[in-house]
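S.K.: Read in order, the letters of the sequence shown are residues 156 to 462 in the numbering used here.
Be aware that a few hints might be false.
Stated by the list, open to error - Have a look at the derived ranges for each label pair, beta carbon to beta carbon:
| hint | residue 1 | residue 2 | range |
| --- | --- | --- | --- |
| 1 | Glu394 | Leu220 | 49 to 59 Å |
| 2 | Ala360 | Thr400 | 38 to 48 Å |
| 3 | Leu222 | Phe462 | 33 to 43 Å |
| 4 | His387 | Leu226 | 52 to 62 Å |
What the hints assert, rightly or not - With a straight-line Cα cutoff of 20 Å, these simulated EDC-like cross-link-like pairs (lysine to aspartate or glutamate) come out:
| hint | residue 1 | residue 2 |
| --- | --- | --- |
| 5 | Lys255 | Asp309 |
| 6 | Lys252 | Glu315 |
| 7 | Lys252 | Glu298 |
| 8 | Lys383 | Asp309 |
| 9 | Lys255 | Glu273 |
| 10 | Lys438 | Asp456 |
| 11 | Lys438 | Glu451 |
| 12 | Lys383 | Glu261 |
| 13 | Lys439 | Asp456 |
| 14 | Lys445 | Glu372 |
| 15 | Lys438 | Asp403 |
| 16 | Lys434 | Asp403 |
| 17 | Lys383 | Glu297 |
| 18 | Lys258 | Glu191 |
| 19 | Lys439 | Glu394 |
| 20 | Lys438 | Glu372 |
| 21 | Lys180 | Glu191 |
| 22 | Lys319 | Glu249 |
| 23 | Lys237 | Glu261 |
| 24 | Lys383 | Glu298 |
| 25 | Lys383 | Glu453 |
| 26 | Lys434 | Glu453 |
| 27 | Lys258 | Glu285 |
| 28 | Lys434 | Glu401 |
| 29 | Lys383 | Glu394 |
| 30 | Lys252 | Glu269 |
| 31 | Lys319 | Glu297 |
| 32 | Lys319 | Asp309 |
| 33 | Lys282 | Glu298 |
| 34 | Lys445 | Asp403 |
| 35 | Lys238 | Glu261 |
Rather than coming from a laboratory, the hints here were simulated on the basis of the structure. From the three backbone atoms N, C-alpha and C, an ideal C-beta is built for every residue, glycine too.
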Amino acid sequence: MKGWAFHITDKIFRRYCDSITEDLKDKHNTALRQQETRAQLQQRNYELIINRQQMELRIAVVVSLLLGVILALIVLYQQNLKKKERTIHRLSSELQKYSKQLKDNEVLMAQNNESIQELQMQLSTQKASEQEAQLSLIRQLEEQNRQLSIANQDLQHQIEAHWKQLKSAPLKTPHLQELTTEMLRLKEREEALTGQLISTHPLVAELRTKPRFLQPEDFVRIATLVNKIYPHFTERLTEAFPNLTELDQQLCCLIKLGFSVSQIAVFMAVSPTSVSQQKSRMKKRILQQKTDSFTEGETLDLWLHRF
Numbered sequence: 156m157k158g159w160a161f162h163i164t165d166k167i168f169r170r171y172c173d174s175i176t177e178d179l180k181d182k183h184n185t186a187l188r189q190q191e192t193r194a195q196l197q198q199r200n201y202e203l204i205i206n207r208q209q210m211e212l213r214i215a216v217v218v219s220l221l222l223g224v225i226l227a228l229i230v231l232y233q234q235n236l237k238k239k240e241r242t243i244h245r246l247s248s249e250l251q252k253y254s255k256q257l258k259d260n261e262v263l264m265a266q267n268n269e270s271i272q273e274l275q276m277q278l279s280t281q282k283a284s285e286q287e288a289q290l291s292l293i294r295q296l297e298e299q300n301r302q303l304s305i306a307n308q309d310l311q312h313q314i315e316a317h318w319k320q321l322k323s324a325p326l327k328t329p330h331l332q333e334l335t336t337e338m339l340r341l342k343e344r345e346e347a348l349t350g351q352l353i354s355t356h357p358l359v360a361e362l363r364t365k366p367r368f369l370q371p372e373d374f375v376r377i378a379t380l381v382n383k384i385y386p387h388f389t390e391r392l393t394e395a396f397p398n399l400t401e402l403d404q405q406l407c408c409l410i411k412l413g414f415s416v417s418q419i420a421v422f423m424a425v426s427p428t429s430v431s432q433q434k435s436r437m438k439k440r441i442l443q444q445k446t447d448s449f450t451e452g453e454t455l456d457l458w459l460h461r462f
């Protein structure tokens, strides 16, 4: 009996010990899992902190780069602005210089024209020996006017080129409106002076008062006059439109000098209708060569005026 009781007690004791051992194991495992979970959470927190710091660093770098780019653009804009201001100032100064030179040339040409008229009026009252010296002086004045006319053409081209540059500049200058007005005045003076130069020529004056049929030598003199006033006019016309006939060239010169259709009809011994038809045919030939030569509604006379 005692042995059986001891056996039962020992069995119960071992079961109790096993239960305690299992319980201790469970607690230990639970503690390990909790410790592992805390370690994982700490690791995750560290990773989040590192990721946030890296993101903040990237944002700081991007912002710094953007600020650097903006600063560089501001510096470039200011430099470009100063450069444009200097360019506009230079163009304005050169425009004023060219305008003054153009005015001076016009005054001198007008004075020469008056002198030529006076000398021509004196020719009839002078002796033959004196006339040669007078004619030589007239030729000198005419040659000087021709050179001044060429110089004025170059100055006008320079003024127009500078003016285009000024108009394309985005900046507005206080001189811009003043320069616009001055350009219009210069253009008007140039046209008036050219008209005076044409009207005072002996052949043109004669043909305006007494129109007559023109001989071949007359057309040579007319072409020479046109080329003096409008440098290389016939040469430029032939080069640009080689399909124009000799008759077309003659008609262009007469139109360029401002003769009317009725006057040209007398010069060529044809009817005014024939002259108008010839002008129409010539315009078609010009358009065949260059389709964009004329603006909408532009006549041959207006086109030749600006050619």
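S.K.: Taking the hints in turn, state whether each one holds.
M.R.: For each hint, the structure was consulted:
{"no.": "1", "hint": "Glu394 to Leu220: 49 to 59 Å", "verdict": "57 Å, holds"}
{"no.": "2", "hint": "Ala360 to Thr400: 38 to 48 Å", "verdict": "28 Å, violated"}
{"no.": "3", "hint": "Leu222 to Phe462: 33 to 43 Å", "verdict": "57 Å, violated"}
{"no.": "4", "hint": "His387 to Leu226: 52 to 62 Å", "verdict": "54 Å, holds"}
{"no.": "5", "hint": "Lys255 to Asp309", "verdict": "14 Å, holds"}
{"no.": "6", "hint": "Lys252 to Glu315", "verdict": "13 Å, holds"}
{"no.": "7", "hint": "Lys252 to Glu298", "verdict": "24 Å, violated"}
{"no.": "8", "hint": "Lys383 to Asp309", "verdict": "14 Å, holds"}
{"no.": "9", "hint": "Lys255 to Glu273", "verdict": "27 Å, violated"}
{"no.": "10", "hint": "Lys438 to Asp456", "verdict": "10 Å, holds"}
{"no.": "11", "hint": "Lys438 to Glu451", "verdict": "13 Å, holds"}
{"no.": "12", "hint": "Lys383 to Glu261", "verdict": "16 Å, holds"}
{"no.": "13", "hint": "Lys439 to Asp456", "verdict": "14 Å, holds"}
{"no.": "14", "hint": "Lys445 to Glu372", "verdict": "31 Å, violated"}
{"no.": "15", "hint": "Lys438 to Asp403", "verdict": "10 Å, holds"}
{"no.": "16", "hint": "Lys434 to Asp403", "verdict": "8 Å, holds"}
{"no.": "17", "hint": "Lys383 to Glu297", "verdict": "10 Å, holds"}
{"no.": "18", "hint": "Lys258 to Glu191", "verdict": "99 Å, violated"}
{"no.": "19", "hint": "Lys439 to Glu394", "verdict": "17 Å, holds"}
{"no.": "20", "hint": "Lys438 to Glu372", "verdict": "26 Å, violated"}
{"no.": "21", "hint": "Lys180 to Glu191", "verdict": "16 Å, holds"}
{"no.": "22", "hint": "Lys319 to Glu249", "verdict": "13 Å, holds"}
{"no.": "23", "hint": "Lys237 to Glu261", "verdict": "36 Å, violated"}
{"no.": "24", "hint": "Lys383 to Glu298", "verdict": "9 Å, holds"}
{"no.": "25", "hint": "Lys383 to Glu453", "verdict": "26 Å, violated"}
{"no.": "26", "hint": "Lys434 to Glu453", "verdict": "13 Å, holds"}
{"no.": "27", "hint": "Lys258 to Glu285", "verdict": "34 Å, violated"}
{"no.": "28", "hint": "Lys434 to Glu401", "verdict": "13 Å, holds"}
{"no.": "29", "hint": "Lys383 to Glu394", "verdict": "18 Å, holds"}
{"no.": "30", "hint": "Lys252 to Glu269", "verdict": "26 Å, violated"}
{"no.": "31", "hint": "Lys319 to Glu297", "verdict": "33 Å, violated"}
{"no.": "32", "hint": "Lys319 to Asp309", "verdict": "15 Å, holds"}
{"no.": "33", "hint": "Lys282 to Glu298", "verdict": "24 Å, violated"}
{"no.": "34", "hint": "Lys445 to Asp403", "verdict": "16 Å, holds"}
{"no.": "35", "hint": "Lys238 to Glu261", "verdict": "34 Å, violated"}
The structure fails to meet hints 2, 3, 7, 9, 14, 18, 20, 23, 25, 27, 30, 31, 33, 35 from the earlier list, while all remaining hints are met.
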